[in-house]
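**Q** Residues per chain are reported as follows:
Number of protein chains: 4
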Amino acid sequence: MDREVIVLNEERNVTLTSYIQPVGGKFDNISKRPAIIVIPGGAYQYCSDREAEPVAFAYLKAGYNVFILRYSVGVHATWPNPLSDYEQAMELIRSRADEWNIYKDKIAVIGFSAGGHLAASAATMSKNRPNAAILGYAVTLEYLAKICEHTAPDLVSAVDKDTCPCFLFSTRTDRTVPIENTTKFISALVEHNIAFESHIYSFGPHGFSIGDSSVLKQDVEISNRAKNWVSDSIEWLKEVFGDFGDGDLTKPKYRPRLVDDGEEYLSADCTIGYLMKNQDARNILLPFMKNTMEAIEDIRKWEKVDKSIIESFVSKTTLRNLSGMAGVADEIVEDLDKQLRQIKNQDL
Amino acid sequence: MDREVIVLNEERNVTLTSYIQPVGGKFDNISKRPAIIVIPGGAYQYCSDREAEPVAFAYLKAGYNVFILRYSVGVHATWPNPLSDYEQAMELIRSRADEWNIYKDKIAVIGFSAGGHLAASAATMSKNRPNAAILGYAVTLEYLAKICEHTAPDLVSAVDKDTCPCFLFSTRTDRTVPIENTTKFISALVEHNIAFESHIYSFGPHGFSIGDSSVLKQDVEISNRAKNWVSDSIEWLKEVFGDFGDGDLTKPKYRPRLVDDGEEYLSADCTIGYLMKNQDARNILLPFMKNTMEAIEDIRKWEKVDKSIIESFVSKTTLRNLSGMAGVADEIVEDLDKQLRQIKNQDL
Amino acid sequence: MDREVIVLNEERNVTLTSYIQPVGGKFDNISKRPAIIVIPGGAYQYCSDREAEPVAFAYLKAGYNVFILRYSVGVHATWPNPLSDYEQAMELIRSRADEWNIYKDKIAVIGFSAGGHLAASAATMSKNRPNAAILGYAVTLEYLAKICEHTAPDLVSAVDKDTCPCFLFSTRTDRTVPIENTTKFISALVEHNIAFESHIYSFGPHGFSIGDSSVLKQDVEISNRAKNWVSDSIEWLKEVFGDFGDGDLTKPKYRPRLVDDGEEYLSADCTIGYLMKNQDARNILLPFMKNTMEAIEDIRKWEKVDKSIIESFVSKTTLRNLSGMAGVADEIVEDLDKQLRQIKNQDL
Amino acid sequence: MDREVIVLNEERNVTLTSYIQPVGGKFDNISKRPAIIVIPGGAYQYCSDREAEPVAFAYLKAGYNVFILRYSVGVHATWPNPLSDYEQAMELIRSRADEWNIYKDKIAVIGFSAGGHLAASAATMSKNRPNAAILGYAVTLEYLAKICEHTAPDLVSAVDKDTCPCFLFSTRTDRTVPIENTTKFISALVEHNIAFESHIYSFGPHGFSIGDSSVLKQDVEISNRAKNWVSDSIEWLKEVFGDFGDGDLTKPKYRPRLVDDGEEYLSADCTIGYLMKNQDARNILLPFMKNTMEAIEDIRKWEKVDKSIIESFVSKTTLRNLSGMAGVADEIVEDLDKQLRQIKNQDL
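Chains as they are written, first to last, in our numbering: chain F, 2 to 349; chain P, 2 to 349; chain D, 2 to 349; chain G, 2 to 349.
Just so you know, the hints here were simulated from the structure itself, not pulled from any lab data. Worth double-checking, as some hints may not be accurate.
For identical chains, the list gives no copy identity; a pair is met inside one copy or between any two copies.
[Unchecked claim] Here are the simulated DSS-like cross-link-like pairs (lysine-lysine), alpha carbons at most 30 Å apart as the crow flies:
| # | residue 1 | residue 2 |
| --- | --- | --- |
| 1 | 308 | 291 |
| 2 | 254 | 27 |
| 3 | 339 | 162 |
| 4 | 317 | 27 |
| 5 | 105 | 128 |
| 6 | 305 | 239 |
| 7 | 278 | 308 |
| 8 | 239 | 105 |
| 9 | 278 | 239 |
All values reported here derive from a predicted model rather than from experimental measurement.
Using the sequences and the accompanying hints, generate a full structural model.
**A** Next comes the structure, spelled out in structure tokens:
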């Protein structure tokens, strides 16, 4: 492993510490590695060592190249300085990806508390988006961001369709960063159809980092599950990025989007409601829908359910799912899908 | 173990199957047991065996007495029939608690899908509230409840201050019960200051039950973390109820409430905003607050932060937490707490 | 689940309690189930409830059909009564396997302490051998067996070539059944080339059963790893028996034998020493061996190693492994293997 | 973390790479750290990178200071060169322990394959013994040691009363280092009353290191439990060394010795057989033994058991355990213990 401290901004005391592992040789199952940028917390006043190297070690063991970003804090924390630090770091890593044997499109960020605010900023509003984000008891709400650094932005409202897959964890009893910072961000991810996983543990203090005895006092009251996020997040990254295989990474385990309403072409994975707004799609679907709805209503005996509820339900369901409920043959769905994929999505 | 099928309602085909374990003898660390009522899913059309005994075995191994409730479904599912079935079951269990060596106040419910809807109904709107609720990919939103059974109520709006601690799990890609059913219920719990834990796994199908090979086909696409809810929920119940000890259960691991704004008497665990609305509390706090706020503002250099943000922040923070941030001595806080505890909460 | 107490021997108070789970329907991934016979401990004086149903629940959850065997104890424990009880139980289960939807050749035993002695007897000396055996802090040494029941046999010397795969666990500080009972049995398994897995945990008392709070007092001093045998043994059984798949079980994960010296025909998986004792095999191998040994000696620069050590090493190595060390092409090994497989093993 | 490559022997290319973590500051629960020396394998021909840093990262995350020892291999591997390298490394670490904030008496070794041979040499025959040893699929038998390096010694016969607590793991199907290397070493530990924990996994290849996808090809056939040794060994070290607490480490979790026959003074934790050989102890025990034996024989109805078996059993049992079986009051045992502790052990 090569470790190097790269100064990104001398005046603001911003550094990127790289931990680069070898490939090939005794690691002949690995030709390139994914990477992760660790962003420690500290209320935008400092960068906590407890959320730096202990975190790095976990991902190093998992085979990642790791970078610790010590960003602008204290008097230098005026926005967008910290975000600019991130942009500079990600640009640097991607520009040196070949030299460091890093997959350019498999670079995650992980941030804690205020560092989680910065990691979530990277995920939602940066030019150089990360490919996955792990957010630990992250600040996301405007009032709390501003209590840390008065120029820092709200992030719940920043979630957009290009936000990367996110993994969130926190403890419900966090008295420093109230749990709404997690739950409201999750709601925004849901609304924007962004892939995520989340773990809200029953109790534990703010700032528990990796939750091991190596970073916590013995008498700290914390759920014994709170430390599971470490191995869980590593497994999650394997799903999002793929796992080490035989030279190259294996295929990722799932498609991030649940519905394809935002894709360039329509498909059977768009919602009925979305498809029906397009005249071409409507023409294709109408004869099919009639039979399908009859089939469904017949199965479920929905005669007593308010029509508007059924319509709302159908409207939010994808063509593929509705067909599944109605027992429509796969061939028919594939045929509709093929027709729909020739229609450009006019909303984009 | 004694297993018995108790008919609760012959006409509606409602049964409660009891699995009662012995105490004493070779189980001399146990004099009574906590219990759990398992409520299988099935869209209010049937009760799924896959969400019945496999679940029961997990809690039996953990030392619980278990009951499986097969409630009113199909033509009998008109509301409030299923909830009445639950009420009848819980009344029966509590009335026979001595005979069965069950702690009357340590009885949980666990429900899946539509059974999760019923378990969440028990948690939020029943007369005989359970002491904890585990909700697996539960239906909670009105439109979806009504799609299952047109008379079933919305549950997000039903969360109240007496809702029991909840443990929620689901997969984000559930195409039958969309993830909003979990996230919106969580938001309601947060709003009402109810203790909870939640795990939303990255991907997996609806109805995965305990997530073992014993209930899933080999090629089902599901995150390898999705089955962790079983052992996690058992550990969580140990926190909420206490663990088997030396005859009696040990002390629960945490206080469910984060703030005590709803308690009978005021205290240092109420929020500043709540305390300030009470004239007596206000008189006690004002001299203290002045010093504390100066201390805090001095520490955090908040001169640039908008006053309204700080006020909002302080207003939502408990007296105990604010004192911690300001470095106020414990004795002073204890003294204030003692004074506040003599003031009755006029809002109740 | 159907639970039934079957009386095997009224006079000796021997019973077999069956816990039979359904197949098909909502368990449509399962057409038949593997099974396990639980044999509680109790020094051949009684059958401990703590090692009966809590164990059964774990395997029931994993999808097994379970039987608890309460065998001859106290005045009835004279050998071979307990073993006869086992034989009777296994015969009964196999004879009713179709009715109970059980795989006849996927029936394990699990025994604890003296029950472990009986389970190990089943594994090594019964007529109706089980297909896998899990031995928990089992008595295997003659002196200790006789201290429990003066007619009970030594089991270390009973291990034979037909002994089934074994999974052993115990704590090194067990003061009732000293750890030699585990280690000497393992050595006998090694000597007879029998598949096994073993976990000896650092410390813990005798009789800890599933190691959960549901069976242990709070202040018991025991390693936090000691309870891992439960899930580990379930995973191990999946390797030995295969896992639930799509109707039928999947293929087992590994071949139990390391070397095939005892098989009906010779092969490349026999040791060189064994092959060389057969004149036909010798003729096939000699030209090959000369080149191979030269290749190996060249690679490893063994000129200084005592010839007898190399000969002993080669003699104990299989043809396939030696070829691997010498970098022999796979085709050549496959060709030798094909020739050897036509030679009958004359030792049998 | 400070990383430094320290040259121990330039001619033989021996280095010690140190990874030293900070104490105090944000690690205010830590004033000093335990340490571990990682010794990679490679048949005494090279040092495998796959068993170096990936292992180091695991213990770094757990809070340890870590050293990787690259010892004499190939032409330099003539014994005792590798052991001398170890001695030099351990001397250096202990001499700089204050500077590096390391507990002098909490320094473990971990070795793999041939590196496991060197780690086991350190544990059994070095001048500067480690305080714990983790042995991964280690070579311990003479013939195999000599196949690697013809001057390397047998280690099974080297186990002595000063051997440190050991944690062993391997896979039963290891075709390079046969499982006897593990089982025979364990037997020697048992014979010498040395504390240990061991995990022999059902199947997997030689050299699987930490068993993660970061060091293994995707299609490697290995039990899914084989990687558990990493976290298990960390938990085991917490038992042996104590865990991070509030500045200092907590108390170790167990006493390594089962019986105190080798201690300076006699006690109730010596075996009856050992005590009876000492005339003073004999005088104290005889009146007590008579009653106790009668009590035991009465309880267990041992009239039919061969006298010599009972005598052998009693002889190997400690006074404390025998008293427990006979139901002797604790006060009586404590009184005997006090008397025995005044008798010097004449065998030492």
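**Q** Run every hint past the structure and note whether it holds.
**A** Hint by hint, here is what the structure shows:
no.: 1; hint: 308 x 291; result: within (15 Å within a copy, 59 Å between copies)
no.: 2; hint: 254 x 27; result: both (27 Å within a copy, 27 Å between copies)
no.: 3; hint: 339 x 162; result: within (25 Å within a copy, 51 Å between copies)
no.: 4; hint: 317 x 27; result: between (51 Å within a copy, 28 Å between copies)
no.: 5; hint: 105 x 128; result: within (15 Å within a copy, 50 Å between copies)
no.: 6; hint: 305 x 239; result: neither (46 Å within a copy, 43 Å between copies)
no.: 7; hint: 278 x 308; result: within (19 Å within a copy, 47 Å between copies)
no.: 8; hint: 239 x 105; result: within (16 Å within a copy, 39 Å between copies)
no.: 9; hint: 278 x 239; result: neither (37 Å within a copy, 51 Å between copies)
Violated hints for the displayed structure, listed by number in ascending order: 6 and 9.
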